[in-house]
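Participant: First to last, the sequence lines map onto chains U and L.
Just so we're aligned, residue 6 is where the first sequence starts under my numbering, counting upward by one.
Just so we're aligned, residue 862 is where the second sequence starts under my numbering, counting upward by one.
None of these hints come from the bench; they were simulated from the model.
30 Å max Cα-Cα, derived DSSO-like pairs, lysine-lysine:
1. U:63 / U:274
2. U:330 / U:302
3. U:335 / L:902
4. U:274 / U:12
5. U:812 / U:869
6. U:386 / U:798
7. U:63 / U:79
8. U:812 / L:902
9. U:716 / U:233
10. U:386 / L:902
11. L:902 / U:330
12. U:200 / U:157
Reference excerpt, derived from the structure (chain L facing chain U, CB under 7 Å, subset only):
13. 875
14. 877
15. 878
Just so it is clear, CB atoms sit at the ideal spot from N, CA and C, and this is done for glycine as well.
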Amino acid sequence: MTYQPQKDFGTPESRSNEAVSLTIDGRNVTVPAGTSVMRAAAEQGTSIPKLCATDSVKSYGSCRLCLVEIDGRKGTPASCTTPVEPGMVVHTQTPHLAKLRKGVMELYISDHPLDCLTCAANGDCELQDQAGAVGLRDVRYDVQATHLGQEKDHSNPYFDFDPSKCIACSRCIRACDEVQGTLALTMEGRGWDSKISAGFASDNFMGSECVSCGACVQACPTATLVEKKVVEVGTPERSVVTTCAYCGVGCTFRAEMRGEQLVRMVPSKDGKANRGHSCVKGRFAWGYAQHQERILKPMIRASISDPWREVEWDEAFAYTASELKRISAKYGRNALGGITSSRCTNEETFLVQKLVRAGFGNNNVDTCARVCHSPTGYGLKTTFGTSAGTQDFDSVEDSDVILIIGANPTDGHPVFASRMKRRLRGQDGRPGAKLIVIDPRRTDIVRSPHIEAQHHLPLRPGTNVAVLSAMAHVIVTEGLTDEAFIRERCDWDEYSHWAEFVSQARNSPENLQPVTLVDAEDLRAAARLYATGGNGAIYYGLGVTEHSQGSSTVMAIANLAMATGNIGRRGVGVNPLRGQNNVQGACDMGSLPHELAGYRHISDGDARRLFEDDWGVTLDPEPGLRIPSMLDAAVDGVFKALYCQGEDILQSDPNTAHVSAGLAAMECVIVHDLFLNETANYAHIFLPGSTFLEKNGTFTNAERRIQPVRKVMTPLNGLEDWEVTQRLAQAMGLDWNYSHPSEIMDEIARLTPTFAGVSFARLDEAGSLQWPVTADAPEGSPIMHVDGFVRGKGKFVVTDYVPTDEKTGPRFPLLLTTGRILSQYNVGAQTRRTENVAWHPEDLLEIHPVDAEDRGLKSGDWVKLASRAGETTLRATVTDRVAPGVVYTTFHHAVTQANVVTTDFSDWATNCPEYKVTAVQISASNGPTEWQEEYEALSTRSRRVEAGIPAE
Amino acid sequence: MNTVERLILMANQIATNLATDDAPVAAVADHIQQFWDPRMKQLIFAHGTDGLSPVAAAAIGRLADAQNGA
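The task is simple: from the sequences and hints, build the whole structure.
Facilitator: Printed below as a string of structure tokens:
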């Protein structure tokens with residue numbers, strides 16, 4: 006479509022059910038009570054001049070441009086701050102108003118640079134538009150003093166701040182306060198001296214608490230805050246609505262383009278997950294798509310000690326197919342397997358698992374959910390009957406108590422965190438929700454502007470189940486359960502068995518305190534608050550799942566929600582915050598070795614026949630190998646070929662030495678990716694991938710929302726990823742003939758009951774759909790288990806606390822837990838190739854002052870981080886965010902490779918690795934470890950590309 | 862840790878976590894049946910009961926018997 010800015014109604018929407026009718030400029034309009042006159046006018050297509058108003062923030066009434074006349078009222082009230090009333094008669098254009106507005110604009114322009122023709126916002130500037138709208142033709146003032154000529158702040162890598170162009174409307178400050186919730190910006194000085202400031206006067210944007218979410222840039226009506234890319238290339242000429250490829254929030258963006266060049270990503274107000282907001286990654290960190298290190302030609306080599314040789318696609322597919330067939334013939338069909346990607350589309354993951362099941366002839370397909378949310382799949386399917394969260398994101402607006410366990414939403418899911426923080430702060434006289442945080446670290450949300458958790462329970466890593474058992478003990482023994490809900494919705498006998506178990510004295514908070522290190526009284530108070538505080542919603546992340554009892558913890562969470570009746574309506578629920586953009590979708594699409602699309606077990610004959618009839622093959626009824634089992638089988642010499650799409654298991658999976666041994670033992674490792682990632686060091690075939698900007702498809706976010714991904718530019722490598730998999734399948738002899746991903750979705754819908762009503766046409770129409778989308782729920786299902794659980798009766802499962810086998814001791818006295826940071830994403834393959842490295846150039850080790858002092862360490866020191874599995878070095882930062890005895894780091898940088906130290910221990914039910922608990926020792930270091938040096942040498946050797954023969 | 866040692870660890874871990882089930886042996890056998898690939902099952906059958914907890918050993922035995930048609 007031709008470029009159109011998003012419509013701005015001036016003030017936020019009113020949620021009132023009461024309708025009010027009024028007349029504006031002779032036309033009748035009916036709007037919800039509480040709507041401003043400005044918004045009512047905008048809804049009927051009347052544009053009232055404005056500068057300080059925008060519909061993402063509350064009205065402010067400072068610019069005096071939106072004045073109107075109202076019959077029966079004195080003066081000229083500001084339309085942004087005047088609510089509609091029944092029968093009101095409003096005039097937006099009168100000679101008196103025109104004179105007032107022109108006078109106001111004249112004052113603004115008298116102190117604004119008149120460099121419109123060379124300004125970055127030329128043609129996309131509200132000040133310029135309004136000057137035109139009010140008919141300003143000249144400025145009469147002979148201004149002696151101005152705000153012009155001030156120094157620009159270029160410190161942020163993505164946007165500039167030019168105070169000379171500021172009109173002091175405060176839209177940026179209010180966006181930072183109300184939309185993002187960071188409150189980084191302020192108005193320094195008063196009156197004539199007013200100036201927008203990032204934090205203290207001495208701060209620039211980069212040095213301030215600004216998280217670079219872009220809300221201020223989006224809110225700015227002038228070029229005061231403007232994207233560097235717009236300064237560089239100019240304003241966009243068209244836009245395409247698509248879905249962000251970073252975290253599981255799944256923000257809707259407008260990719261604003263000039264030709265095939267992406268100018269900027271702007272969060273869409275129509276996005277139902279993000280409601281017009283964004284974070285630094287989705288908004289700005291897309292430069293990796295054109296990064297010079299992207300590989301654009303297929304490459305092959307006989308051995309990983311050889312340099313790569315570039316080939317044409319035809320040769321690559323023929324060679325790959327011949328290798329896979331050779332290995333299948335020599336070692337048997339079970340020697341092959343594949344890994345689907347949670348970063349790729351539903352359609353792409355569906356094809357990879359189809360290739361494995363129908364082409365390779367086995368079920369050796371797995372996905373990176375293995376290392377993140379596989380326990381969610383197991384736990385929620387067991388207790389509720391389906392492997393997904395229960396709510397939509399909007400639901401948080403009706404929560405009274407928010408319990409966050411093992412999640413760090415301000416870093417991992419920042420856009421949803423902003424929505425959560427808005428609810429926690431309270432709004433328009435409605436008190437904020439209460440907050441309980443269960444986390445070994447004092448994460449940012451525990452205490453941030455206008456938010457303070459009522460209870461932060463800093464548990465010892467690895468004791469989630471014990472903490473939840475103790476909470477259940479309090480709720481049951483103090484009679485705080487919702488018996489009516491349980492009797493109606495759950496299996497009473499199973500509940501009784503569970504209640505009897507949690508009531509045992511051994512599960513009391515006091516008894517478990519020595520294990521969990523959580524103060525018993527605080528835990529009791531938190532349990533009472535969750536059970537009795539109104540709508541209670543639980544949000545959790547990988548701090549729950551990545552443990553030896555990850556699945557038990559998910560079930561313990563489900564038990565708590567059912568026991569308190571917090572399921573089946575808005576404001577409550579059990580909400581896994583998914584790590585990657587399409588973890589939910591990859592699992593939905595049958596990427597797990599024991600399940601077909603729609604979570605039907607491979608041993609289910611009816612389900613299997615459905616696929617067999619459609620695909621014309623016979624499927625193996627036995628489950629296939631999980632990723633760790635593939636690596637074991639490789640080391641044993643029986644698993645020989647792996648097709649790995651869009652994952653970097655060498656960096657992301659635990660115990661790097663074991664992963665590398667498994668990969669090194671294979672004869673054909675096929676990496677299908679944007680970059681020569683760490684896994685590619687062990688690859689024999691490299692198939693270049695396409696970015697989310699270069700393909701069509703769908704992602705499914707953490708709220709089960711299926712959203713379109715739209716191609717905005719031609720793939721630099723020549724093929725979309727689904728085409729690469731199809732061409733490989735064809736080379737293997739499979740008769741696949743998809744001409745567009747919509748045909749793949751049609752097949753998914755045909756074979757998957759929960760997707761029955763999904764098609765690209767329906768998604769285009771609705772914007773997005775939350776599964777299940779069925780004949781009974783054609784518009785999708787924002788909330789699940791409304792009238793009953795998917796499995797019938799909700800199942801209480803006894804979850805006894807079992808300490809992990811990973812023990813601290815004299816050699817390894819500290820517990821390491823790992824996580825992520827706002828500016829980086831997963832293994833960093835994308836974000837490390839953007840300016841986001843300005844915030845996080847290296848992984849750091851957080852260590853408590855007491856532990857640091859014991860070891861003579863200070864912030865900035867290089868330290869050796871050693872476990873039973875391996876050792877690495879990185880720099881320390883001393884902080885009381887972590888408790889004594891606990892250290893923390895991220896895993897974003899290949900140089901550090903935090904997973905060299907993580908172990909093979911894993912969740913009992915799913916083998917999800919126990920990333921969150923590793924016994925370690927920290928000591929001073931003066932250089933990289935032997936592993937780091939050897940790995941660096943291997944990487945350099947392995948990434949060599951044979952020099953091409955120049956054309957004559 | 863070799864593959865068999867890992868399978869023993871996994872089986873024992875499953876047994877420990879399903880110990881509170883009404884029928885733990887059946888629950889462990891069902892879990893392994895549903896989630897382990899055929900080779901993993903064959904390896905643990907061939908290994909026998911060394912190192913396995915009583916519940917894990919009974920579950921593995923039950924699966925092996927079922928496979929052998931006992």
